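Chemist: Going down the list, the sequences are from chains A and B.
Under this note's numbering, the first residue of the first sequence is numbered 1, with each subsequent residue one higher.
Under this note's numbering, the first residue of the second sequence is numbered 1, with each subsequent residue one higher.
In case anyone wonders, no lab produced these hints; they're calculated from the structure.
Because the structure is a prediction, the values reported are computed rather than measured.
Take the hints with a grain of salt, since some may be wrong.
Below 30 Å or equal to it, Euclidean Cα-Cα: the simulated DSBU-like pairs (lysine-lysine) are [what the hints assert, rightly or not]:
hint: 1; chain 1: B; residue 1: 276; chain 2: A; residue 2: 376
hint: 2; chain 1: A; residue 1: 125; chain 2: B; residue 2: 243
hint: 3; chain 1: B; residue 1: 227; chain 2: A; residue 2: 55
hint: 4; chain 1: A; residue 1: 137; chain 2: B; residue 2: 10
hint: 5; chain 1: B; residue 1: 243; chain 2: A; residue 2: 118
hint: 6; chain 1: B; residue 1: 224; chain 2: B; residue 2: 119
hint: 7; chain 1: B; residue 1: 276; chain 2: A; residue 2: 308
hint: 8; chain 1: A; residue 1: 125; chain 2: A; residue 2: 184
hint: 9; chain 1: A; residue 1: 2; chain 2: A; residue 2: 118
hint: 10; chain 1: A; residue 1: 144; chain 2: B; residue 2: 272
hint: 11; chain 1: A; residue 1: 213; chain 2: A; residue 2: 275
hint: 12; chain 1: B; residue 1: 243; chain 2: A; residue 2: 184
hint: 13; chain 1: B; residue 1: 272; chain 2: A; residue 2: 275
hint: 14; chain 1: A; residue 1: 275; chain 2: B; residue 2: 276
hint: 15; chain 1: A; residue 1: 125; chain 2: A; residue 2: 41
hint: 16; chain 1: B; residue 1: 243; chain 2: A; residue 2: 60
hint: 17; chain 1: A; residue 1: 78; chain 2: B; residue 2: 243
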Amino acid sequence: MKLHEYQSKDLLAKHGVTVPGGEVADNPADAKSIADRFGGKVVVKAQVLMGGRGKAGGVKLFTDSQAASDFTKDLIGKRLVSIQNPAGMVVEKVLVAEQIDIAEEYYLSVLMDRAASKLVVMISKEGGMEIEEVAEKNPEAIVKVHVDPAWGLCDYELREAVGRANIPNVARGQMISMIKKLVKTYIESDADLIEINPCALTPEGKLIAADAKVSIDDNALFRQLAYQETADDSAEDEIEAEAARRGIAYVRLDGEVGIIGNGAGLVMCSMDEVKAAGGQPADFLDVGGGAQAERVKSCVELVMMDPKVKGILINIFGGITRCDEVAKGILQAIEELKITIPVVARIEGTAAEAGRAILAGSQIVPAQSMQEAAQKIVATTR
Amino acid sequence: MSILVNKNSKVLVAGMTGREGSFHTGQMIEYGTNVVAGVTPGKGGQELMGVPIFDTAEEAVARTGADAALIFVPAPFAADSVLEIEAAGVPFICLITEGLPILDSLRIVNRLKANGTSKLLGGNCAGIITPGECKMGIMPGHIFAPGPIGMVSRSGTLTYEIVWELTQAGLGQTTCVGIGGDPLPGIRFRETLEMFEADPATQAVVMVGEIGGSDEEEGAEFIKTMKKPVVSFISGRTAPPGKRMGHAGAIISGGTGTPQGKVDALLAAGAKVADKTSDVPGLIKEALAVRA
């Protein structure tokens, strides 16, 4: 789960990382009193988990606290819409933080290097822009240090790394200390990404984590109790949030063919087939192993929440999942939700004959193969 | 012949008394797998489906000589179970459990690598089957058939889909290996391909990959040197960057893990890449005909 900026900075501050002063507010009065503490010279930032927040009008600088408070009043409850997130998100909280003067901007991150099966720290003098952009234009500006899984990081490795990254002397010691705190935070809070961009050097020579992105490993929420309650707020989309509450693996896409299948690989493959047949998938939805009728119904209901969906493709290869249970769930969903859009179902594997018999005579169009199913659903939704 | 498991494998099941564990152990016994022990702390001395249950892996191994282990233990305790079974000296461990914290995967993968005494398959995998001999996992046994094709895949149901096509086309399998959908798996494509290349019974290999990571590209490096033909399929060609597609490992991020990058690497290595799952048997037949 992605943490909000204020949560990320709180977490880092708790581990001793220097972050700009500030606090989160959900009303104009609180925003004003926080801004007053910094003499009114603050930045107000909408706390929504979407890209393009600044361009959408969710970030603004102020020199007096009343203006910051008025802006907060306008922002709370407003739906921000960006290119990255056309459906938009409603602002519930803002971060009111002191403005800091920046002399130079660097980049720091900790993440998993899958190929090496080790954590890796990435350091760059080129902060302030997307790291992908740096990787493309100037790859030698990114210095990587692997963290030994048994022994951790050694100081000499970090001294060598910040030197190789051409970080100026005044910032080197502070950066080494910050990196060690970031790795400790990563491990103690089960993060799966920590990114500091920019990591700012002030004209006075102080290194500050000016912006922070932290994401926590969803699989570790059972032992990261502080984040358990806020888990579904972190979804970037309302249907995805509902799916998280129901415990269903669902990703919203922007096409018109709803897709339901079992097993991540098979669902991805069904999406590919829909695209190959000339359609666009509206979602990724994995019903999971051993789904009962009730769960299948819940999945159909979820897909139908997206108003763009014009037809549904259901592709099940039953291993642990029984096709007759799936068929019952589909029929229940169609009856109870009064679904009138076309539904094509391809069911194979355990109890497939029984499943097909249940669906025979209903409005559901049967298909022999995944390819045939994709062609049939695309033909009816085009 | 086969790789990793065969009719002589003596299988220990950790978490055998749980709902999933007992259901699948029953299915495995029915298939003919030699399940010799179950491990559930606190249930030692009991018996389930004729299989003795032990409190610890150490005791189970000492009493039964188990040489392969299958784990159904819930995610919060799964890493500990892997380490316990490694310490008990079991050389092959298969972890079915889904949802392992990535830092737990990091610990077990690196410790097993450093000690070098046990191989880990998974987590979050469907398991492994040598048709007609040993089924260690959650796959439906009836869709597999013995034969000359080795198969390795990151996805369970997509394996079933393609195996079903192969079996119907008369192409049976030596061993089918599910390496799982986690970002830090134990055994990866490359190692599995090396084993299939060395297995005299395997004549061709099907490799089913998906978006995310660079395991397919690493596998392709080895395919360049292989004498046996490889047919591959990559799923997730329409998945958008930055979104996890169900599997924790299936994500295109920072320009790596793209489907095109994988397809290009495989083609450059001399593998055939199927556009559709249903094309796989035809491509295998062509490849075998060229060799014959």
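Chemist: Could you check the structure against the hints above and give me the numbers of any it violates, in ascending order?
Modeler: Per hint list: 3, 4, 10, 11 violated.
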